[in-house]
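Engineer: Take the sequences, apply the hints, and build the full model.
Just so you know, the protein sequences line up as chains A, B, C and D, in that order. Counted from 1, the first sequence has number 99 at position 80 by our numbering; the numbering is strictly sequential. Counted from 1, the second sequence has number 1307 at position 23 by our numbering; the numbering is strictly sequential. Counted from 1, the third sequence has number 590 at position 90 by our numbering; the numbering is strictly sequential. Counted from 1, the fourth sequence has number 176 at position 24 by our numbering; the numbering is strictly sequential.
Just so you know, the hints here were simulated from the structure itself, not pulled from any lab data. Any given hint might turn out to be false.
[Stated by the list, open to error] Here are some chain B residues the structure puts well away from chain C; computed CB gaps all over 10 angstroms:
#1 N1418
#2 W1440
#3 L1502
#4 N1581
[What the hints assert, rightly or not] Simulated coverage check for chain B against chain C, where a stretch passes if three residues somewhere in it have a Cβ under 8 angstroms from a Cβ of chain C:
#5 1377 to 1391
#6 1426 to 1436
#7 1453 to 1462
Keep in mind that this is a model prediction, so the values were computed, not measured. A virtual CB, placed ideally from N, CA and C, is assigned to each residue, including glycine.
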Amino acid sequence: MFLKDYVGTVYKSVRSLLTGMKVTGYYFTHPKEIQTQEYPDNRATLQMFDRFKGEVIMPHDDSNEHRCTGCQACEIACPNGTIKIITKQELQPDGKKKKAIDAFVYHLELCTLCNMCVSACPSDAIKMGQSFEHSVYDKRQLKKILNKPGSKVMEGVE
Amino acid sequence: MKPLLEISLSGFASQIDAWLNAALGGGTLVVATEMVVTGVVLLGFLVVLCFFLGYMERKVAGFIEIRLGPNRVGPKGSLQIVADTVKLLMKEGITPASSDKFLFHLAPVIVVTAALLAVAPIAFAKNLQIWDLNIGLLYVSAVSSLAVIGILMAGWSSYNKYSLLGAMRSGAQIVSYELSVGLSLISIVALTGSLKISDIVMAQQDGWWIFKGHIPVLISFVIFLIASTAEINRAPFDLTEAEQELTGGYHTEYSGMKFAMFLLAEYINLFVVSAIAATIFLGGWMPFHLGHWQAFNGIMDWIPSSMWFMGKTLFVVFIIMQFRWTFPRLRIDQLLNLEWKYLLPISMVNTILVALITIMGWHF
Amino acid sequence: MNAPTVIFYILAACILAFGLLAVTVRKIFRAAVFLLFSLIGVAGLYFLLDYEFIGAVQIIVYVGGIVVLLIFSIFLTHGSGGQMKKPRPRRVVFGALAGTLGASLTMSFINNQQFSANDKPAVAATAGEIGGQMLSVTEHGYILPFEVVSFLLLASMIGCIVIAVKIKLPAQQMLTADTDDVPTR
Amino acid sequence: MNLLGEPEVTEEGEFIINIGPQHPSTHGVLHLKVWLDGETIKKVEPHIGYIHRSIEKMSESLSYRNFIYVTSRMDYISAHINNQACALTVEKGLQVEVPARARVVRVLLAELTRLASHQLWWGCTGLDLGAVTPFFYAFREREAILDIMEETCGARLTQNFMVPGGIMYDIHPNFQNRVKTVLIQVKEKLKEYDELVTDNVIFQGRVKGVGVLTAEDAISLGITGPSARASGVSCDVRKWFPYEGYENLQFDEVLDTGGDCLARYMVRMREMKQSIHIIEQLIDNIPEGDFQAKTKMVIKLPKGEFYQRVETARGELGVYIVSDGGSSPYRIKYRTPNFSNLWALPVLAKNAKIGDLISIMATLDLIIPDIDR
Chain A
20 MFLKDYVGTV
30 YKSVRSLLTG
40 MKVTGYYFTH
50 PKEIQTQEYP
60 DNRATLQMFD
70 RFKGEVIMPH
80 DDSNEHRCTG
90 CQACEIACPN
100 GTIKIITKQE
110 LQPDGKKKKA
120 IDAFVYHLEL
130 CTLCNMCVSA
140 CPSDAIKMGQ
150 SFEHSVYDKR
160 QLKKILNKPG
170 SKVMEGVE
Chain B
1285 MKPLLEISLS
1295 GFASQIDAWL
1305 NAALGGGTLV
1315 VATEMVVTGV
1325 VLLGFLVVLC
1335 FFLGYMERKV
1345 AGFIEIRLGP
1355 NRVGPKGSLQ
1365 IVADTVKLLM
1375 KEGITPASSD
1385 KFLFHLAPVI
1395 VVTAALLAVA
1405 PIAFAKNLQI
1415 WDLNIGLLYV
1425 SAVSSLAVIG
1435 ILMAGWSSYN
1445 KYSLLGAMRS
1455 GAQIVSYELS
1465 VGLSLISIVA
1475 LTGSLKISDI
1485 VMAQQDGWWI
1495 FKGHIPVLIS
1505 FVIFLIASTA
1515 EINRAPFDLT
1525 EAEQELTGGY
1535 HTEYSGMKFA
1545 MFLLAEYINL
1555 FVVSAIAATI
1565 FLGGWMPFHL
1575 GHWQAFNGIM
1585 DWIPSSMWFM
1595 GKTLFVVFII
1605 MQFRWTFPRL
1615 RIDQLLNLEW
1625 KYLLPISMVN
1635 TILVALITIM
1645 GWHF
Chain C
501 MNAPTVIFYI
511 LAACILAFGL
521 LAVTVRKIFR
531 AAVFLLFSLI
541 GVAGLYFLLD
551 YEFIGAVQII
561 VYVGGIVVLL
571 IFSIFLTHGS
581 GGQMKKPRPR
591 RVVFGALAGT
601 LGASLTMSFI
611 NNQQFSANDK
621 PAVAATAGEI
631 GGQMLSVTEH
641 GYILPFEVVS
651 FLLLASMIGC
661 IVIAVKIKLP
671 AQQMLTADTD
681 DVPTR
Chain D
153 MNLLGEPEVT
163 EEGEFIINIG
173 PQHPSTHGVL
183 HLKVWLDGET
193 IKKVEPHIGY
203 IHRSIEKMSE
213 SLSYRNFIYV
223 TSRMDYISAH
233 INNQACALTV
243 EKGLQVEVPA
253 RARVVRVLLA
263 ELTRLASHQL
273 WWGCTGLDLG
283 AVTPFFYAFR
293 EREAILDIME
303 ETCGARLTQN
313 FMVPGGIMYD
323 IHPNFQNRVK
333 TVLIQVKEKL
343 KEYDELVTDN
353 VIFQGRVKGV
363 GVLTAEDAIS
373 LGITGPSARA
383 SGVSCDVRKW
393 FPYEGYENLQ
403 FDEVLDTGGD
413 CLARYMVRMR
423 EMKQSIHIIE
433 QLIDNIPEGD
443 FQAKTKMVIK
453 LPKGEFYQRV
463 ETARGELGVY
473 IVSDGGSSPY
483 RIKYRTPNFS
493 NLWALPVLAK
503 NAKIGDLISI
513 MATLDLIIPD
523 IDR
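Structural biologist: In structure tokens:
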């Protein structure tokens, strides 16, 4: 009886070990199963999902115009104080003064990419960009000014 | 059919011997020169072999783990291990302040020396053996027991509790698993009637022991694989290092060159164990023959003997590597249970069976 | 002077030096390591004499077995890392005396006895031959020494177990007391 | 004496060893002070606080919309379920009706998160026990699930997909197809998991009968989740306090009676199958309609206290908000599962071997940032 149990244990153990080795052996002999993406080499073909949240960007059109009015809704919506909007008073052609952004300061190093600023924006001025290669040697380089120099707000965006 | 590549290395060696005798006038100087030359050649071979084994391990691990393994340095990543070695050599060797410095520095040397000594009686090819001493197998198992001293020394002198625990584990592990290794060696020694490596290989001229010796030899092959994996401290028996438990065990405190020496010893041991398994169970450099089928045997003879030896050895190396990347680690008490409750009784009964086979002449 | 002589003197010097270090060094672990080297040197002598079997057995038994056990017991003692106390001068003197006496006794025996060179043909040291000699009960058989050695090793093993087993007497007594108190139904 | 002047060996001859704060198997900065007698553990003392980021205090200074995203960093493996708990609490306070579509998508994503989390746990368990390969196999399936997350939510780990009153945006058109493909893949590979690890004799030896947690201990220590259910304590929040329509779904609460590491392992393996079952029920029945209820731009909760519990992959997560009527919580308390589950460790590891400690930690599935918050 004892001997039967003993042999049974040995048999079952060896069989379970061989089953495990069969699994790893299968993968060893099937290189097609390899999942690795050779990342820096496939940069040209690498496509992120269109909703991927990589960083906050501010789209500009061909005539260097953006849609940000400087209402600071995003600044309020941000949980981490990532966005800081510096406004200025701009002289309109009709002589009136109008609030406009001087600098849309975006601290990528503080950003948790929660999308709150984008959903808070009333004029769709900012959106999430697909870039994900953010590593820099100096943290200060992560502080970005999103509006391009010399850009101004689009016509008709209030 | 003549082998494809038949460099008679023994002839080559005797030529060198004759030339040296002529040049140096014989005597002690020749012996000394020959020793130095052999040592240098062997060391070079082993270092290259270890590079290869390291590369092989990473590639095997990579393919098993559905990744590519090293693929950046050199063609297909083959120089990765060279780059790693250079890195290790350039690194600062840190010695813990409270360690026993003398023993701390000595330990890796002893481990490597023990590993190197065990290479001596291995038959690499037909007529290529450094020292064919008449107790070859006993010598290997004797010399390999030196390594445990090095590990104990390393663990104790590091002044680190993880290291000490690892060393304690290794002592218990190696001392007990030596028994099973010895018994499975004995089954082949009984069949061959000799401890000499060349005799054992020649006895397999008409078939390897694993085919000739029925199931008992198969069992002792499996036991040898398991027990020797444990004896060289490889996963799933790597309790002395046990990264997840002891963060590196006995070599936690080692860095740079001295760490590289432990690594070198690990791979040499892996090679030695696989070579012994290939020699005693799989016929060493003997080609694979199938009865009296002359055409087939001729083709097999055409492959050089060194290729046969290396092929068989690498096959065993692969199996041991697959063990490592498939199984979880045992616990220390299970490790000892496995030895004392399963491997040792089975191999004892097995030895008796083999003795019976030998006496009755039941083997082929 | 030929190579074997040179090697012999090197080995002899090593054995002596490491043996001396093993008894004089004041760190216990180091002493064990020097003892190990000394024993390896002896094994080297056997190899030099072409007694490979005895050399290998020397390594297996003394190095792989006894020194490992020694080191294990050193691990199990507390304060094994520290330096031992300097021995008292009287002990040093007596120790040296005992050592010299033993050595001179051995030397005198060797010098007084005629050790003639063996004229018997050398036994081929194959595995079968060694096995046969080991188990032979005839006049020149080695069965008695073999058994004595295994007895010694068995005794040392039992000794090790006895030392390693921790006897927790109070706990056991409590346990028995508890079981005694259980009322019988 | 070590650097702190503490003795390394106690008077009873016990060896004191520090596992962590940096150690390969604590999965983070957990510090365990362990008293050893040879290889046997006499006592374990967890020292926590190495990754304390005061998320509770931080939440009190943020608005009700914003504090949700901070909680992704507590149990980052099931970030989505953390966010869900917060959103549910705010919704409870606001008395807002969440559209049916949003509820179904939330449950779908929560179950996918649970699946991914259990897969990571499975891989890490293998890794902790010395088998490196399962880790990579687990990540292959987890990667497929994270791809779904990335496509629909825009991020892989900290999805930030919850807003009070619904979800941030509608599901991606590919969502249903992708989920179905992944489910087929996962179901197929679960068999392979069993072959590679569950049935392995070494693995069985490492977990069977190790670290037995009794039901009484589990209740008195406040253990929740799979770790408690393995001891036979029925504590699935989805069954007892259903939320988000779990009451309408067909699924079993996975229970085991062993209480040992193997039971905890098996409970999680079976929970994966239950999660797949739940997803299969919902994936073809996502109702049409809005994905977000209308809420005010600045949310103000009425004065009072609100509590909501959810079942994360590791146990019960409770969010307790005290509101003074303002636009940010007056006080927030998170009842995180891992903090409670950690205290099973000293009980379980007593008289275990060092190797057992690793199995116990692996099967308790501790996430260190969730302990410290």
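Engineer: Does each hint fit the structure? Answer for all of them.
Structural biologist: Structure-based check of all given hints:
1. N1418: violated (6 angstroms)
2. W1440: violated (6 angstroms)
3. L1502: holds (22 angstroms)
4. N1581: holds (30 angstroms)
5. 1377 to 1391: With 4 residues close enough to chain C, the hint holds.
6. 1426 to 1436: Contact hint for the stretch 1426 to 1436 of chain B vs chain C: holds, 7 residues under 8 angstroms.
7. 1453 to 1462: Per the Cβ count (3), the hint holds.
When the structure is compared with the earlier hints, violations turn up for hints 1, 2 and for no others.
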